[in-house]
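2 protein chains.
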Amino acid sequence: MYRAPVDEISHALKHVAGLNKAIEDGRFEDLSEDLVDAILTEAGRFASDEIAPLDEGGDTNGARLENGAVTTAPGWQKLYKDWTEGGWNALTGPSEFGGQDLPIMMSVAAFEMWNSGSLGFAIGPTLTVGAVEAIEKHADAALKAIYLEKMVSGEWTGTMNLTEPQAGSDLGALKTRAEPVGDGSYRIFGQKIFITYGEHDLTDNIVHLVLARLPDAPAGTRGISLFLVPKFLVNDDGSLGARNDLQCVGLEHKLGIHASPTCTMVYGDGSFGDTPGAIGWLVGEENKGLACMFTMMNNARLHVGIQGVSAAEAAYQKALEYARERTQGRAPGHKGEGMSPIIEHPDVQRMLLTMKALTGAARAICYACAHAIDMSHASEGEAAGTWSERAGILTPIAKAFSTDIGVEVASLGVQCHGGMGFIEETGAARYFRDSRIAPIYEGTNGIQAIDLVTRKLPLSDGGAVAALIAEYRDDAEAVRASNRDGLEGVAERLDAALDNLEATTGWLTEALQEGRKAEALAGATPYLRLFGLVAGGAYLARGAIVGGDGDDAAAATRAALARFAATNLLPETASLRATVTGGSDTVAAAASAVFG
Amino acid sequence: MYRAPVDEISHALKHVAGLNKAIEDGRFEDLSEDLVDAILTEAGRFASDEIAPLDEGGDTNGARLENGAVTTAPGWQKLYKDWTEGGWNALTGPSEFGGQDLPIMMSVAAFEMWNSGSLGFAIGPTLTVGAVEAIEKHADAALKAIYLEKMVSGEWTGTMNLTEPQAGSDLGALKTRAEPVGDGSYRIFGQKIFITYGEHDLTDNIVHLVLARLPDAPAGTRGISLFLVPKFLVNDDGSLGARNDLQCVGLEHKLGIHASPTCTMVYGDGSFGDTPGAIGWLVGEENKGLACMFTMMNNARLHVGIQGVSAAEAAYQKALEYARERTQGRAPGHKGEGMSPIIEHPDVQRMLLTMKALTGAARAICYACAHAIDMSHASEGEAAGTWSERAGILTPIAKAFSTDIGVEVASLGVQCHGGMGFIEETGAARYFRDSRIAPIYEGTNGIQAIDLVTRKLPLSDGGAVAALIAEYRDDAEAVRASNRDGLEGVAERLDAALDNLEATTGWLTEALQEGRKAEALAGATPYLRLFGLVAGGAYLARGAIVGGDGDDAAAATRAALARFAATNLLPETASLRATVTGGSDTVAAAASAVFG
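Respectively, the protein sequence lines represent chains A and B. With my numbering as the guide, the letters of the first sequence map in order to residues 299 to 894. With my numbering as the guide, the letters of the second sequence map in order to residues 299 to 894.
It cannot be assumed that every hint is accurate.
One copy or two, it doesn't matter: identical chains are merged, so the pair holds either way.
[To be verified] Straight-line Cα separation of at most 30 Å, BS3-like style, residue types lysine-lysine; simulated pairs: (1) Lys442 <-> Lys376; (2) Lys586 <-> Lys633; (3) Lys379 <-> Lys754; (4) Lys435 <-> Lys586; (5) Lys754 <-> Lys633; (6) Lys442 <-> Lys379; (7) Lys633 <-> Lys815; (8) Lys473 <-> Lys633; (9) Lys473 <-> Lys586; (10) Lys379 <-> Lys448; (11) Lys442 <-> Lys586; (12) Lys435 <-> Lys379; (13) Lys754 <-> Lys815.
Bear in mind the hints are in silico, worked out from the structure with no lab data behind them.
So that you can see chain A by itself, here it is in the shape it has in the complex (with noise of 0.2 Å):
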């Protein structure tokens, strides 16, 4: 069973990612690295003690729809119940509304574990979060009086409403309406997929986030509007009142994440009410909606980042736990009788090495974006947009190469149990399917990456990407001059693979330049995954040389890591660059070949 790996996330969240030094800078007023260790403990042990244990079960009986009412699965509702009763929910949200308005590291930190004991689970939060963040940012402050107090607590959630059959990657094509009524509140008819709780019955309300097109509204993305959406209108009181005109007419199906209901929704089809139309009121401007979703995106792509560290950790521990007990044959050296666990066997510690390095990347990769956000806003003028810019590069890489490699290393883990890695009861093979909605929600990992080298390369002229790599290039340096036994090699390695990075961007900019976009998009994914590798290299390195207060066990793991990673992964790197750069070109005239 999951247990929260608390002091390596605590390790990577001060040591690694910036969390103590701007502890000491006084950048978060009342947060100490007591505090951070205090929450990050009791975080990590409702994730262990009360998620993970319900995580099976929300899988094999999963969510229920009879006569447009969602049953989540047994124990989902007490789980939910003490989950706000011991303040979980606030734990980001504006403290003007009862929230602790701690930095988005805390909350990713704490995400990574909850999602571990069950993504099933924590993503219903995960989406409430967000909504709190687009209502807090974008609504009038009547919204916010009514529904913010709710929502913070989780005595209410909040959905996300974007997606429709035709509109998924591309949301200008969305044809929900909204119609003023005239009273400052709109009518809003249409219908929405994959909205996640979408409808559920752990709350006695939902506060739907959607977004539609006013009647005169231009088309495509310039043309949508928010509007926040009650599954129940809320008296002046504060009271529930009538039912709003909208409903949950399907559960899908779906591959994993069985707990989480993913519905599709229907506003205003006259179903509750007199006037057809389910209420809402605008959020933000009209005609900004977008704008609106844009400025919780990093967050959310973030958010969705930590689900794959979550499934890839909690796939390790479990491969881990097996491959320790399980023995078969004879690994080189065994001494003695009978057969070797086979955590003994070469072959199962590169898979275990593997999936543990892949993890400890990907989740440092997503503490420094959380902490590029943080500093973004507790920075001002010039340095605000230098963390503003970083936060930016690091969101698609986080998202992307994050849940790419949460199913590589859920993979990895199936392998590790043989054939009890196919068998449902065993686990293994949950992470494997739960672990693979997270390179398609939020974003597909190839939007992400086109959103890295189109919009993130050019950031500054070029000058953020290369502020970042000289930071690496600092780390490589830092591991050279530690002389640390155990890294040997480690710092030439992540320097050739920095070059490696390096001239790579140098050829996607060439190509933006020269407008050779369909050549820079073809070289997209594997240049979002050599970046995750330079960074997730560059990180592990850091942790390498940095911290550890005479944890010398702890400290030999990183180090150990840090090398495997150097040696066995950062390779990757030379034939990344050689495919972007020497077959990125041959991309659109073999599909013109190929798919006629």
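Go by the hints and put chain B onto chain A.
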């Protein structure tokens, strides 16, 4: 819906793997090019029209166990009946017992299509074909006379009973007992797990091949014997007699291939008959059971390898169809109004091309392996030995590389579908789930890699691998000499990849010779991947310059894929070389630090 790619398969068999030359040389008696095409066409038709339409229902309904009886999915009984009546089960069986005695190549090609239609269906006959082979090679005439004809026709199916809870990869640990009765028969006692189609309702009888230990057998793998144990005993006149003392006591709840009942079998618990003990007969010599299994191991592993190709091909076709129909966004260079089909987006093109190139590469490896097996049978003396070594090298690559890319391609297929990929009704997720078993069973892919490094590299003092590399060098040279448009850079990339293969082969050989076995084993998996990429790249290049018969579009597709593979996939060989030669020596120390 899947359509069998008969033309591509035919080209790969005839022109890439060597079937045409063998036919010209008269190696396969009556087999002609036309007969090959006729068989492929009809086998493909059965796969596309009969099997594929039932795959979804097989997955959702699965097989059910009640009171020891297994009910297969709706339509499965008729499908199997049509299958046997079409003569498909007899494709490769010995002609003496009603089989068509065709080369293994034809079996592998046909099974590729049948597996694409439904892995859960075709795995059943795959096991029967293996059992037929074991019985034909090792059983005495009396057993053959009773069982083979009905197993060749498919009137009865066959199973393989190897695994026990404590004995998976390490068969030496198995405990099932066989006690001689004194009349030439034995009584079998024990439990076997993971028995594919161990019980079902498709046929009147099921013939189990069971590994067990005689009372006085030595410990370990040298004390294992093979027994034939039918579900129903057979009377002298061939009619079915008493129920034997064996039964299915459980079905596994699996990640995929739900239509295939994976049984826990109990032998000799006294449930049937007056005297406890399932009655069986020795196949081959006492204590030589593993050797009997090994004679069919190459074929069995190859037949699992092709399952990876099958899943990949089916996943590719589904993703391609979706990418042509689904519109989102505007691709670079998109003309006209509205959204582009996503197949016009470079990132989607990269995914689809990667899927198709990996599928074609793995297919060619499997067929080349099948050809080597066929030629080893069709040759004599030194030539037979040379072909046998070639088959020995290609078998672990065919098994592991193909099944790894099966999962990889199926995962890309999910990704191409965006959100729909995670919805089970779409079908893309089914290939992702089904494909995941193939890297595990019939010897995990880690076991295959160890086999390649420790048993196959040393063949003929390294000469067998060197000869294969030389053949691939000839391919690079032939591409260069062809001067064909559209193959720019292919020969150079292939040569560079071959350099990587040679250098890594040399490093591993030295490591083994110097007793650094743990390092060699730690490098085994990346080495196998490296070998597979090079072999696949060489076969794709070969395919681009041979055969074709004036079908220009098909020729252009093959050239484009060869170039895409050379420029976008073969670069990985450099990183794999660096990982093996510069990273394997860090694995043991890292494992010690991280796992204690």
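* Checked against the structure, which of the hints given earlier come out wrong? -> The structure breaks only hint 3.
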